[in-house]
Structures are given as structure tokens and as C-alpha cells.
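Chains as they are written, first to last, in my numbering: chain A, 41 to 283; chain B, 23 to 449.
In case anyone wonders, no lab produced these hints; they're calculated from the structure. Treat each hint with caution, since some may be false.
To be verified - Covered by chain B, per the in silico footprint, the following chain A stretches (three or more residues, Cβ under 8 Å):
1. 50-64
2. 217-228
Claimed, not checked - A short, non-exhaustive set of chain B residues, derived as facing chain A with CB atoms under 10 Å:
3. 29
4. 36
5. 40
6. 44
7. 187
8. 279
9. 287
10. 288
In this text, a Cβ means the ideal position worked out from N, Cα and C, and glycines have one as well.
Now for the letters of each chain:
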Amino acid sequence: MSIEHIDFRYPGTDAALLSGLNLNIEKGESFGLFGPNGAGKTTLMNLMTGVLNPSVGEIRLLGHKMGTSSKKVNRLFGFVPQDFSFYRELSAMENLEFYGAWAGLDRKRTKKRTAELLSILGLEDVKDKEVGKFSGGMKRRVNLAIGVIHNPSVLFLDEPTVGVDVQTRHAIISYLKELNDNGTTLIYTSHQLTEAETLCRQMALIDSGKIIAEGTLEELSKKYKKKSLEELFISLTGKEFRD
Amino acid sequence: MYKLWVTIKKDCKILLRDRTGILLMFVMPIILVVVVTSIQNSTFQLIGKSKLPLLVCNKDTGQASLQLISAINRVGLLKVSPLPKNESPEDIKQAMKDKDAQLAIMIPADFSEREGAKAQNSANKSLKSFGLQPDSTRHKAFLPEPPFTLYFSPILQESLRFSVQGGLTSALQLVEGRETLRKLYYAINEKQLPPDLENEMLNTQSAIGMVSVSKTGGLGLPNTTQHNVPAWTIFAMFFIIMSLSASVVREKTSGSFIRLKTLPTNYNVGMLSKQITYLGVTLLQAMVIFSMGIYLFPLIGLPGLNLPSDLTALVIATVITGWCAVSYAIMVGVFATTQVQGNGFGAVSIVILSVMGGLMVPSFAMQGGLRTVSNLSPLHWSLQAYYDLFLLGGKLSDVFVNLIPLFIITLVFQLVIFFQLKRKNLI
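Produce the entire structure from the sequences given, and follow the hints as far as they go.
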């Protein structure tokens, strides 16, 4: 994924939320994007997935320009938004079947992937229950399952483990590692920095709409003389509240 | 096709699990149709079959007042209830309140004498114009005063009051005509008018020719069911706005929409699915309400619904009406930013469009400018098409003139939806 000199401002606002931002993420990478609240992580994620279009600059994914009217590029990536993105009135299976079809799978492949994912993410026993009645952890797993139903080459994850217990977090991170080991590029944001240390090889810190640090954890620790990602985060972004 | 099928299945499942939505779309309109038809049927019966009670205080002791009461009874509109002779105007007003009567008349003590003098006067004028000698007897002179007084409740509808006034005038004219005829006959023949001749001359009872101006020329008389069921079916179809606009807003504002935007399927598929699903709902609504009119109404004492002879025209009119209702609901949903906004605006706008369209006040009763405004309401064209089919026995060729504007309004709604989705970068 290449992001070149992008600016972005929300309609009706004067100040640009992102300004002159550049970023390159290699294929097969496990990339973490961190920053305080309001830094622009979710906006950048929405720009990378084509939900929003930059005011200036260009974003390319696997050679395809994002934000064009063609939806071919959308087959290549999956997105797991921070908010629960499914129909609460439908069961886990019904949601997966619907999103599978919209992701471009045929009936047979949708059924196969639905069964696989329900089993992998421990949702088989509750597959027919309305998702609205699920616990927070189960909802997070459904949210993830929908994002990967079509075996995307690139997976965007916006805080995929927020509000879940240790067991669910462990299951989700393990599954994401497995996906990355099998060649899926992960682009991930989170406030769970310990979790991020175990998952991400490459990372970038974003603050006030700009990338303020970029590299592997080792490179950044060496450069800024900090032992952990959390120490590095505080030293670069300060201790003041941001929202 | 698979995507569309899966999306329709998704929309149907969400719809079936929304019990409040189903209640609003099916149960409420059914209750509305039954209640409105029952109430209007009672009013029709009050005017058509039952007689309005009329309290009569007859202070007169002569024959003319008795003839007047007999003539009032024969008009068929009123049921006479006598009051004591010595009632004052205040007593009559009180009696109306006590007996829950909307109408009363007071016949003055000199009614027969006045009518006699009036008849003699008319007879004399006629005799004079024939060149005959009029009656030279001097009669008492009366000031020109109304022959009797009608008391009425302000609750009584104006149209009904005019009908009663017409009936009473007709009865009075019969009495006056009889008296004049008797005087004339006596003056010419110097003997009383024979009763059989009097009856022949006064009670001709010539029937008025009646032709129902329907497309078929049949004499099917409209009833409350034929009027109400089509009208409230249209209202019910448009009332899906409560569920459909909320569904569009909910999808637009929920997280699911963000995900839909990142998937390789155009949101037009989602919009098409909603249109097909809810068009099915509107057709089902029409079937349920029409079936109720046909099978249930006769069981609860209401006139049964007669379906139009051209069923193809009925199906086409219903499909276009349903599609228009769905398009309007989606348009409101696409513009609304919250469910409360969509529901509030949706419900109020449907009531306004119903009033404009003639569902609550007939379009023909509207003044010039308002009548032009009513043409902007899609419900007006639907209603005209249904009335042509249900009341006038029209065919498809007769309702095209209404279906074409309805179709054009629907296309305008579709274009507005398209451009708004495009403007918001949603398709």
C-alpha cells in the first residue's frame, strides 16, 4: 500500500485533519498504526479502504488506485471497522452468508467459508442466534469473521479487540497471526500496545495528522532509547489528554 | 442475481423480526379501515335508512297543520314526535336537549287560518286572471310571517339541514297547493273537491329517472366500503414509510453501511432489494385489506367489497401505487439523518399528502387553487385510479390517465434518490 502526499479535511471544516501524509506498507507485512485519540487513525483507515477520498494526493493498494468508481480493488481487501458492522437482527450465519455474497463469493464458497469461520472463531454453537443478543466478545468475533470471509490479500483492522476479555483477545490475535503467516497483509490500529508489540513487525505513530515515527519496534526503541512501545508512545505524544 | 437474492432474503428476515414494524404496516391500517368504514356506514344509514327525529309542537287546532304533519311523514326523511301544545320556545329547546333530538318545529295557533287566507288569496288571483268573479268575503289580514319555525342543533351538518329544509318546504307546498286547489274548485263548482280527484291531482308521485353514470352504465350504487377500502388501502401502502425510511436510515447510520461501502458490490443492489421487498409488502397489504372487505365486512354487518371487473387494471394500479409508496419512503430515508427525523417527517407528510390527495376531503369539493395542488400528491392519482375501477367500473384504458402521472411522480422520486446517493458518494 502506498500513500503519497495526502491531505484530508472533513466538509465544513477549515483545518486539515491529515496533511502531506506519506506511508508505504509492504505486501505480507503486519503493520501497526498507533496514536492518541483524535490523531487521525480511523480517518486514515477510512481513506485506505476507500470509505473516504483524500482532498489531495493518491492512495494505491496492490497497484490499484483507491477511491475510483471501479469496485474491483475492493475484492482484494477486507475491513474490520471499530464499530460493530453487521445486522443485529440476523444470526451469525445469516450475516456471514449475506456479507459473503456482497464480497463476491458464490453460494457454494459462501457456505464453505461460513462453516469454516464459525468453527475457527468458536461460533458454531450460536450460529443461529441473533447477533444482537451476543456478548461483546462474540460480536467482535463475528465482526472479524465478516472481514475475512472472502480471504482478502490485505486486511484492515480498526481496534479489533476493543472491549473484549483476555480469552477472546488471545483467540483473535492468534488468528490474525495465522492469517499473516499465510500471506495476508495486516494493517491494524489499536490502543492495546502490549498486544500490538506481539502482532506488528512494522509500525507508525501518528499525531495531529502526521506520521511522527516509523519503523520496527527494535529500530524505534534504539532510536528513541525506550524499552517498550508504551514508553515510546508517551515520550513522543506526551501525557496530556487529547479528547 | 445471487447477490440480489441474498439481499432480498436479508431484508425479508429483518422485516419479519421487526414486530412493531409489522404492526404498523398491517394491523394499524386494518383497524383504520374497519373503524372508518363502520363509522361512515352508520352515518350513511342515518341519512339513508333511518329517519331523523323531529319534535313537533302543534298549537294549531285546524286541519292544515294535521295535513302538514302527514305530509312531513310522507317525505320519508323525518320521524315526527309530538310535543304538548302549550310548549314555549324555551320548552322546545329543552325538549331537544332532553330527547337528544337535532330538530323541532313549532306550528303556530293560527297556522290553518293563515294557510286558508293565503290559499283564498291565491285562488282569487287565479279566478280574476281567468275572468271569473272571485270570492267577495273579506278575510282577516295577516302580516307576512314564516308559517312555522324550525329549531335545529348546530351540530347538524349543513348539508343535512338543507335536506331537512327542502323536505319541510316540500310538505308545506303540498298543504298550500291542496288548500288553493280546494278553494278554486269550490269557487268554480260550488261544491267540495272530490277526494279521488284531489289525490290524483296532488299525489302524482312521478318517479324521477335515474341513470348511474359509470363506465359500464350499470346501476351499482356506491357504499361506504367501495369508498373507504380503496382509499385507506392507499394510505396503508404509503404508511410503510414508518418502517422503510427507518430501515434506510438505520442502515445508513449503522456500522454495517461502512462495511457495505468497502465491499465489491454497488449499494444499488441494496436499494433494489429494498424496493422489491417492500413492494411485496405493499401488494400483500392490498391483498389483505381487499380480502377483509370481501370476506370479513359482510360478517360484521358492513357492505361487502366488490372487486372491479378489470382485475388486470387493478393489479397494475396497485403495483404502481406500491412502487410509488416505496420510492417516496426511500427518498425520505435517504435524506433523513436520524430515524426520528425520518419517522416524524414521513408520518406527517403522508397525512398532508392524503388530505391533498382527496382521501379525507373529496378533491371535487376543493377550490380551484387547492385542486391544482392536489394534483401534486401521488395519493390523488392512485385514488382517482381506484375510484375509476371500484366505483365507475372503469377498465385499464380508463385509468391510464391517472396511472401515467403517478408513474411520472414515481420516476421523479427515483431520480431524487439516485442523485442524493451519488451526491453522498454512497453509490
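The hints, checked one at a time:
Residues of the stretch 50-64 of chain A lying with their CB closer than 8 Å to a CB of chain B number 0, which falls below the three-residue condition for coverage. Coverage of the stretch 217-228 of chain A by chain B is violated [criterion: at least 3 residues with CB-CB distance below 8 Å; count 0]. For residue 29/B, the suggested interface contact is upheld, since its CB lies about 7 Å from the closest CB of chain A, less than 10 Å. At a threshold of 10 Å, the smallest CB-CB gap from residue 36/B to chain A is about 5 Å, leaving the interface hint in force.
With a least beta-carbon distance of about 7 Å to chain A, the hint placing residue 40/B at the interface is held under the 10 Å criterion. The restraint placing residue 44/B at the interface with chain A is violated, with a minimum CB-CB distance near 13 Å, outside the 10 Å limit. For residue 187/B, the shortest C-beta to C-beta distance to chain A is roughly 61 Å, which exceeds 10 Å, and the interface hint is violated. Taking 10 Å as the C-beta cut-off, the interface hint given for residue 279/B holds, the closest approach to chain A being about 8 Å.
Evaluation of the residue 287/B hint against chain A yields a held restraint, the C-beta minimum of about 4 Å falling below 10 Å. At about 7 Å, the closest approach between the beta carbon of residue 288/B and any beta carbon in chain A falls short of 10 Å, and the interface hint on this residue holds.
When held up to the earlier numbered hints, the structure conflicts with 1, 2, 6 and 7 and fits the remainder.
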